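J.: Below are the chains, spelled out letter by letter.
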Amino acid sequence: MTGEVRVAREGALAWVTLSHPGKLNAMSRAMWRELRQVFTALPQDAGLRGVVLRGEGGHFCAGGDISEYPSFRFAPESLREFHEDEVWAGLQAVLDCDVPVVAQIEGACMGAGVEISACCDIRIAGESSRFGAPIAKLGFPMAPREAALVAAAVGNATAREMLLEAAVFDAAEMKLRGFLNRLRPDAAVAAEAEATAHRIAALAPQAARMNKQTFRALATAAAVPPDAYAYASSAEHREGITAFLHKRKPAFTS
Amino acid sequence: MTGEVRVAREGALAWVTLSHPGKLNAMSRAMWRELRQVFTALPQDAGLRGVVLRGEGGHFCAGGDISEYPSFRFAPESLREFHEDEVWAGLQAVLDCDVPVVAQIEGACMGAGVEISACCDIRIAGESSRFGAPIAKLGFPMAPREAALVAAAVGNATAREMLLEAAVFDAAEMKLRGFLNRLRPDAAVAAEAEATAHRIAALAPQAARMNKQTFRALATAAAVPPDAYAYASSAEHREGITAFLHKRKPAFTS
Amino acid sequence: MTGEVRVAREGALAWVTLSHPGKLNAMSRAMWRELRQVFTALPQDAGLRGVVLRGEGGHFCAGGDISEYPSFRFAPESLREFHEDEVWAGLQAVLDCDVPVVAQIEGACMGAGVEISACCDIRIAGESSRFGAPIAKLGFPMAPREAALVAAAVGNATAREMLLEAAVFDAAEMKLRGFLNRLRPDAAVAAEAEATAHRIAALAPQAARMNKQTFRALATAAAVPPDAYAYASSAEHREGITAFLHKRKPAFTS
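Chains as they are written, first to last, in my numbering: chain A, 7 to 260; chain B, 7 to 260; chain C, 7 to 260.
Possibly wrong hints are sitting among the right ones.
No copy labels: a pair is met if it fits in one copy or bridges any two.
[As the list claims (entries may be wrong)] Pairs of lysine-lysine, DSS-like flavour, derived with a Cα cap of 30 Å:
| id | residue 1 | residue 2 |
| --- | --- | --- |
| 1 | 143 | 29 |
| 2 | 29 | 255 |
| 3 | 29 | 253 |
| 4 | 253 | 181 |
| 5 | 143 | 181 |
Read the hints as simulated data drawn from the structure, not as lab findings.
Since the model is a prediction, treat every value here as computed from it, not as a measurement.
Let the sequences and hints guide you as you build the complete structure.
T.: Here you go:
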């Protein structure tokens with residue numbers, strides 16, 4: 007039993023669930039590969055408008071599955087392969103998803119949990135959730151691209167505190183530090199994540215995909231697509247403005 | 007009646023006022039062009055030491071003038087011309103102003119309002135002001151350079167929440183998230199903005215212009231001017247240090 | 007008497023103390039040179055695991071030693087030499103230190119104090135400490151690289167407020183704005199800084215150095231070292247993971 011990443015579709019939304027029972031959903035190598043597969047497939051689905059990413063059983067993700075580490079971490083080649091080909095490929099697939107992704111964060115959000123939630127667009131957390139990356143206790147540094155991702159999301163000062171002091175933060179502090187968009191009582195996190203995904207799904211889907219492409223270009227200093235204004239004559243664009251001017255609710259059916 | 011951008015000089019200060027009565031100062035195409043003209047002219051004035059940018063009638067700016075949109079938004083060429091030649095040219099003129107600009111933010115600060123205030127140096131807001139860019143309800147994304155500007159000013163997490171979820175924030179939340187420098191009761195915002203501009207005007211004006219050039223270079227990754235130390239022998243520099251050492255107030259007359 | 011920068015070793019820790027009695031530890035030219043020398047020497051010491059940087063007598067550092075300014079500030083060549091060869095060389099040495107540096111901030115933290123603490127990894131401050139860079143009162147701008155450093159650490163909005171309005175902030179506000187990691191009552195700051203350094207010293211030292219190299223590469227957009235995974239077979243890495251799996255405390259003896 008090495009855990010799994012499950013996906014379920016319902017209407018315009020998809021639920022992706024990290025599941026590793028008994029290990030607070032710690033990411034195994036198999037789960038990193040499944041995360042990539044799931045998120046690579048999602049954006050192909052034109053009817054999809056929102057994704058909720060969550061963990062099973064009251065926790066988001068407690069980190070990596072350390073029981074697997076002795077089998078590959080102590081040789082540079084297999085260690086590089088793990089971080090670059092499995093972990094980063096999984097994270098990149100979440101980052102590359104053109105559909106908005108809401109992180110529903112409950113309980114432990116540590117190490118890999120921070121990295122995965124850092125790839126999401128909107129982070130909603132329960133009041134008792136906890137955040138950190140205390141891998142200095144395990145004798146190793148964060149891989150460079152993962153550190154860049156985390157530092158951009160939690161801020162430089164917090165990233166240093168997490169990695170150099172092995173500090174762990176509660177949800178209120180992570181809200182204050184700008185990582186979390188919203189806090190809710192633990193029992194209300196799932197409902198708020200779902201409501202958020204429904205709010206997103208009611209908005210213009212092409213605009214969401216274009217905004218995500220722009221944000222991705224900003225994060226990577228890549229060139230913005232040259233066709234930034236090709237959407238001008240789209241049905242969605244006409245519908246939104248026309249509905250507003252006629253004082254009616256827009257219908258964004260793609 | 008398509009609104010206007012007015013400018014008034016008084017001593018070392020200039021007041022720039024967005025005015026579009028009945029539309030909460032929503033920016034028309036004419037207003038974007040006027041914004042550029044006003045801010046392109048301001049820094050030429052050597053005696054100018056501070057600018058207050060505000061909206062008329064208790065609101066900063068509610069966004070764009072949507073009634074004009076059907077006339078140009080549905081064709082890529084005219085849409086690009088609007089965003090690049092009118093909107094961005096107006097915003098760039100505010101960014102290029104070497105004199106410190108204080109945003110006096112009351113009431114609605116939405117869409118174009120967020121963009122314009124993001125170009126200011128210091129943002130002072132009333133407690134009931136509100137912030138967002140819910141254009142996903144109108145069926146279109148934020149133009150890439152405008153999104154980069156907004157994300158840099160409000161932070162990446164907030165920018166995604168504004169654009170992907172159409173979230174609207176109150177002033178206390180925007181202070182917490184680092185966009186606002188200072189909150190005041192609504193009735194006290196104008197007085198605080200004026201007091202701030204006067205405080206700025208009493209400080210060394212050449213130093214302010216050089217600091218703004220440095221900040222602009224940082225924001226655009228442009229090279230810092232090679233003459234970063236040419237100010238050494240200036241009267242202003244001598245006056246500031248000499249006054250301090252003689253325990254008297256400096257007189258920065260340019 | 008032009009002040010001094012002292013260093014003391016004790017076990018795995020070093021204490022670096024800014025000392026300029028009667029001037030709230032204002033940095034003289036001699037002190038900038040000593041800061042560089044001290045921090046250039048520290049990382050050579052393989053047994054060193056943590057550094058506490060502090061000021062003597064209840065203050066961190068009140069800025070530069072203005073009494074020296076007339077002797078070199080009014081000519082571009084000597085002004086450039088001061089900022090680039092003395093100030094920046096001192097700051098760069100702190101930034102280049104591969105061992106985690108904790109700033110113990112009490113009382114005044116102004117100008118040079120903000121710059122020096124911005125080079126530290128973790129900032130712990132007393133509740134009555136105060137922060138700013140009101141050099142616009144002295145008639146000069148912040149040097150470009152120093153402004154870039156400060157803006158990255160305090161945020162763009164705060165940097166503009168400090169430099170353009172000569173604003174001064176209390177510790178609670180600087181915690182809220184993300185510059186400070188932790189506040190403590192004034193009398194408890196030294197103990198918390200020491201406890202933090204001891205916590206850091208108990209963690210994996212090679213991992214700390216590698217994390218600091220990664221953060222430095224991120225800050226300067228430099229290439230990450232190509233040997234990011236060469237640590238795989240190190241004793242420290244094996245010890246951390248093995249200890250965890252055997253449910254014992256790791257012993258990171260380098």
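J.: Given a CA cutoff of 30 Å, do residue 29 and residue 255 count as a within-copy pair, a between-copy pair, both, or neither?
T.: between (46 Å within a copy, 20 Å between copies)
J.: Up to 30 Å between alpha-carbons, please classify residue 253 paired with residue 181: within, between, both or neither.
T.: Cα proximity of residue 253 and residue 181: none, with 36 Å in one copy and 32 Å across.
J.: With 30 Å as the alpha-carbon cut-off, assign the pair residue 143 and residue 181 to within, between, both or neither.
T.: Both: 25 Å inside a copy, 27 Å across copies.
J.: How do residue 29 and residue 253 come out at 30 Å by Cα distance, when the copy is not named: within, between, both, or neither?
T.: This pair counts as between: shortest inter-copy Cα distance 15 Å, intra-copy 52 Å.
J.: If the cutoff is 30 Å on CA atoms, where do residue 143 and residue 29 land: within, between, both or neither? Let me know, please.
T.: within (18 Å within a copy, 41 Å between copies)
In the structure shown, a violation is registered for the earlier hint numbered 4 alone.
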